[in-house]
Amino acid sequence: MARPVDASGQTGIVLNIQRYCSHDGPGIRTNVFLKGCSLRCKWCGNPESIAFKPELSYQASKCVGRKECGACLKPPFPEGAFYVVEGGENDTVKVNWDLATGVDEAMVSLCPPGALEMFGKRMGVDEILDEVEKDVSFYRSTGGGLTLSGGECLLQPDFSAALLKGAHDRGFNTAIETACNVPWAYVEKVLPHVDTVLHDHKLTIPERHKKWTGVSNERVLANFKKAYETFPNADFIARTPLIPGINADEEHIRAVLAFIRPHKNVIDYELLPYHRFGLGKYELLGEVYELDDYKTPSAELVAHLQAIIDEAFGRTGQAAPGVKP
Amino acid sequence: MVGAGHVPGLNAVVMGTAVAAGHLGWEAVGIRDGFDGLLSPERYPDGGLVALDPGLIANLDPNGAGILGQAPRVDPFHVRRVNADEMVEELDLSDLLLERLKAAGIDALVGVVGGRGLSILYKLHKKGLNVVCVPRSIENDIAATSVSFGFNSALSFTIEMLDRVRQAAQAARKIGVVEVLGEQAGWLALQAGIAVGADVVLIPEVPADLAAVATRLKDKVTARRPYGLVVVAEGATLVPPAKGEAKPNPLKASLSPLATGEASDHVIRRSGQAAAAVAEALQLQLAEETFPLVLGPWVRGGAPTAVDRQLGMTYGAGAVRAINAGSYGTMVAFVPPDLRFVPLPEAINKVRTVPLDGGFVQIARSLGIFLGREL
Amino acid sequence: MIRNLGHAGTHRRVAVNVGSGFVPGLNSVLMGVALAGGKLGWEIVGIRDGFEGLLHPDRYPDGGLMALSPERVESLDPATAGVLGQAPAVDPFHSPAPGGADVDRSDEILKTLQAAHVDALVSAVGVAGLGILEKLHRKGLHTVCIPRSIENDVVSTPMAFGFNTALSTTIEMLNKAYQAARSARKLAVVEVLGQQAGWIALQAGIAARADAVLMPETPCRLRHLVARLKDKLSARRPWGLVVVAEGAQLFELPPEPAGSAPVPDEDGPCVVPGPGRAAEMVADRLRARIEGEITPLVVGPWARGGNPTAVDQQLGMAYGAAAIQALKGGRNGVMVAFVPPEIRLVPLAEAVGKVRTVPHDSEFLRIAGSLGIYLGTGL
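Chains as they are written, first to last, in the numbering used here: chain V, 1 to 325; chain U, 1001 to 1375; chain A, 2001 to 2379.
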């Protein structure tokens, strides 16, 4: 796979560092999103996290128009990368995504209104941990720490392992969010440094998993099982992004419960109702979102499925921990 | 090869190319499904290439479109594959494609493509491929040529269907709001609207003021003539735009950290939304019932008109002439009364939109068709 | 009571109107009535919009009644829609009035017809309209009806006016859908007209090489549909066409608890999605279980417009003239029914309250089955 990995593990491609997260592991945490994913889930709300390389993002509403600016229509920008549709009052710039592949960080900074941005950049371990350390008082009082997610953080295993180990050295606890569609060797390298493993059970039937994410789930499930057994001291929390019409049904929930129940270190199962917050980003990347007609699940459906989970964990009648609103 | 998306009558272009090539003693082969026939030959039990020999061509249905199939996305620079580690990735297979073209003994490629395909074939040309493009655009928005292949058929069908809607609207005493193709340019909407005498035509070039549209409809729709017809191009925009998200949602920040407030823009632009949005907004201001309909998906099936068949053959033969003259890296353009070979850099990124001071707009106005705001 | 006419068969003024629901090409029916009536020296008047022209003449600046002389009618294009408009979908026996209560306006209609010196009424109506006309007949209205139905669900005739056109348009649209599906390698799920009867779905499905046809008469089990489609679709042929009538019934799959084997013949609830929603609903359920892209499309509204086929044009004229013939022959309270090769006169009482659905032993079903089209329960 063409992953731009740094063999020393000291740098990696990072998408974003988000502070004050309360839904990504215990307590208040800082979530570091790495770029690069080995699945292509059709419902993905973070399309800018899929490719490894830093990518161009263009927000048309910020463009001030050719008359006022026109910087991207001239060198050093690649020829034909940006253009204006002639005629009428058209003045806003459009992107020719096929010819804009050479646009980089340096060029992007030449856009005065900031309509052009790059998603993702290479960062170092210490740089990131310094940022994470800013909220150490929150971590102490809430039991929070560092979470690595993405994209798929396990696709940069050396970097992830270095970050997590560094977090432990500095005294924070660690968590990762993963779909685990990676060779076992990557899992083995990273998990020794993880306290809480949030992992996705997206679909149970292999052919359906392939249809909606691009690959079958056999290897993913094998990884989960081996991880549960190999790391008995880590806390595992299963998750499902609930998409009505795809997996938001009892069949799937019960199958996941059956899979996780034998392992005592799987301490919870969270439901993440499908959301459409990320759709605007497809526009920014010049991509097409395929699940246009899909709706968020109803509160009743979520409550119904949550009740099944609560029952399995022996929690009937109480508010369950880590439940998404 | 043919680019992404279906256009009626592609067989005519294929025939034109094959017959003209055969006449010069050349061999013509078609690549199935964009470039997939060469990049994923294992998927084709009958082979990824189709020999376009005289026998096959003679039996080809000129009204058909499927001989070379199609692919939803044709981009050899970003091909989605699952690798040996069962991980999904996008690969640049352009070099592999060029190798395979060479290995198959192909000296030149004719690509029947739309706007995006022009850029992709241009990139391949810069890497050394001998390529000539034939412009196909159901919306007729490729500026370097006066008439793209596929537009005439789409226009003809659109007019026929708009006639039906008008009749139904007349009988039911309602106002039909019909969404037709046209993401970037309103040619289809405008010309069809003129042909059927629509009351209102909304095109991407003119952001529409729905209050003004409602007022005009109130004038036109009377007791004596209690129905109306509004034609809306897919890419038509409204002023003021639909409202975005009101306040930031904390959950959103953690689920989708870089999300902007522009999700609502995205939703408005999908198929059917234009008609629904306009019909709904008008309904709030009018007594008569409005009903939205979407024509888009239907236009992509069906037979080509006689004009498109002739155009198809012409374009195919024109492409062969370009190859014969060594004019690679060009697009065959019909600029009446000539055929010209336009260098690709001059054809790319040029979208032909409806000029607001042009003939068609003036005609529409003289026919009393309201275009969304006072011009 | 309409005044008795002296000897039967002598009418001098005959009205003609149209029931609710748009059917293309009604002008040919009107022309048939006008020309045949004119030849007998009778006066033909059209009532606009069902009975609205009688009940609310003030709403019509040109008058609620329209003289249909042969000269007037010569200038009509037989291929266009009814110059008389069509009735609103309102039952005059239960007409909503301001204030909420329903009002019976049937007496008003009869009185107004009498005051206008109308001796008889020819009405081009569908199943619902037949019921209304029959009740009016029992109250004394002299009437002959013409069956018009886009779905062909009027009993006693296999050829209601309007069906041929709707069928023809639907087949055209299905051809396009099939072509587009084949080219794009998708499964098209197309919704067609047919809330009570599946004639259009079935016959158009046969013509357009559908893989499955879902109709109201043959409730379909989703599990079987999925299984049959999986058989038919393959790498060589990844496209397909499923035709769904608006009123098709679908037995969903029951929820299956994980770990237990699914009960082979158990079904979930039965749903009837209704017009505009049937294609979407079927496509949704198939998406979860079948690989590949599935596109829902709706023909419905498009088939309600357009010019009539040559067959319907001829049928319209024939029905119009036949209605006049029936009146001349002293008949009253009947429907003209074309049952090839004859035209029969069916008493209204026999035709009302029934819907002509596809019978279980229909030859069409057998033919569809022999072509490999999946049809639902048991077949």
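Calculated directly from the structure, the hints in this document are not laboratory data.
There's no promise every hint is true.
Said to hold, decoys possible - Straight-line distance between alpha carbons at most 25 angstroms, and here's what the computed PhoX-like set of lysine-lysine pairs gives:
| id | chain 1 | residue 1 | chain 2 | residue 2 |
| --- | --- | --- | --- | --- |
| 1 | A | K2186 | V | K211 |
| 2 | V | K42 | A | K2135 |
| 3 | A | K2230 | V | K210 |
Practice prompt. Please name the hints from earlier in the document that this structure breaks, with their numbers sorted from lowest to highest.
Written response: As far as the earlier hints go, only 2 is violated by this structure.
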